[in-house]
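Chains P and D are the protein sequences, given in the same order.
Our numbering puts the first residue of the first sequence at 1, with every later residue one more than the last.
Our numbering puts the first residue of the second sequence at 1, with every later residue one more than the last.
Some clues are possibly wrong.
No farther apart than 30 Å at their CA atoms in a straight line, the calculated lysine-lysine pairs in the DSSO-like style are these [as the list claims (entries may be wrong)]:
1. K199/D with K39/P
2. K91/P with K193/D
3. K161/P with K65/P
4. K65/P with K169/D
Footprint (simulated), chain D over chain P, 3 or more residues, beta carbon under 8 Å [as the list claims (entries may be wrong)]:
5. 5-16
6. 103-114
7. 127-140
Derived by calculation from the structure, the hints in this document are not laboratory data.
Just so you know, these numbers come straight off a predicted model, no measurement behind them.
Note that beta-carbon positions come from the ideal geometry of N, C-alpha and C, so glycine has one too.
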Amino acid sequence: MLKTIREVLRTGNATVQYPFAPVKRPEYARGKPDHDSEKCLACSACAVACPPNSIQTVVDITAGKTTWSINYGRCIYCGRCQEVCPTGAIKLSPEFELAVMNKSDLEETCVYSLASCSECGEFFAPAKAVDYAARILSRSRGDDEHMRRAIELISVCMNCKQKHDAYRYWEKSKQAGELLC
Amino acid sequence: MLIDRQVSEQLQHRLDKITLDESMARAKAALLNDIKRSVYLYRVDCGGCNGCEIEIFSTITPVFDAERFGIKNTPSPRHADILIYSGAITRMMRMPAIRAYEGAPNPKLVVSFGACGCTGGIFHDNYCVWGGSDKLVPVDVYIPGCPPTPPQIIYGFAVALGLLGQKLKRTEIVEKAGEQVPLRFESIPYKTKVALERKARLLSGYCSGRDLADEFMTALAAGGGDALPGVDALIAKQQDPRRREILEELKAELVSLPAAAG
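Could you put together the complete structure from these sequences and hints?
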């Protein structure tokens, strides 16, 4: 009997005291994805990568808004969003206390504005992404023609870019003295 | 065709969600007051991958010991106070799910368990999946996770039993005017940055490759004019030979770049 008690005292208590004391989480434990809306470009890379479509973006082209949303109830904590995020805006945190009584508490939404095309005025890409790309391009040495053109056409939508390209091609072919089409 | 034969809608693809009235909410509150440390669980797996079940069983092991709260697993819904619906609601499991619900004595608590139980999870757009268990039965607590880890499960039960409050709240954020995303490592040329990140991800995978490239570039940017001593210090600091090798390769990549900063 004494031997048993001594053994019990020696081994101690193996049970984790949670929820009365904080639980120790292992390093790299995957919990709730923390989204920093200020760092987010609204580029939708995470929405494309998300295997269960927990992250979704809905674009309202008439209102010029894009809504980024995450449903923690559908998230499988794989961390693909963290891998693909170009700015590190989304990161898996060790936070695990996610149980809720009401399903709508599992959702998070962020609304971002879209940039409008400087030529036709249509909304085409998230304003923050356009701004970010413009700043990266302006810092790079615009020595090759490709880069210079990209800087020129940063605030132009896809359709207008195509028009520009067609016009440029037409000019070039006129210079060459023949119409290649 | 099923409609013609006067089959209840519950048996068809259109589900009648079971709804509860006011008196049941009061009864549930009374139940929570009464059961205290004698909670019997019954698990209903409506079509999951069994990951959730494994985590439930690791919750009742001595390490996490859910029986501290009197939580016990029961093999019959007739003894249950709490029903755990894990897995997405699949077409074939709708009747067993409803029968388990009807079998448990009133009042009972229903817990939607895991990502599949909450919303259908990764199977949400499968042809035979109807979504989360809230499509079928009234749910009291949602425990997300794929699968939920034992502490997450204990927290969920604590919320269900009213021991702890819920932490997560619905957030709706609207972009502020003039919000700008900060550029990362501005002092390093963009093409160098891309080359380093690519190399690091090629060598050590997408996620840790990025971490390593970030560490490398932090050391590089901190050095200012002459960056290589900072990088050498970072490499010398590494305990793990794999990390050291990758950082050395990154350094070789940096030196080999035509117009690298360094």
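Consistency of the hints with the structure:
| no. | hint | result |
| --- | --- | --- |
| 1 | K199/D with K39/P | holds (25 Å) |
| 2 | K91/P with K193/D | holds (21 Å) |
| 3 | K161/P with K65/P | holds (22 Å) |
| 4 | K65/P with K169/D | holds (23 Å) |
| 5 | 5-16 | holds (count 3) |
| 6 | 103-114 | holds (count 11) |
| 7 | 127-140 | holds (count 7) |
Of the hints listed earlier, there is not a single one the structure fails to meet.
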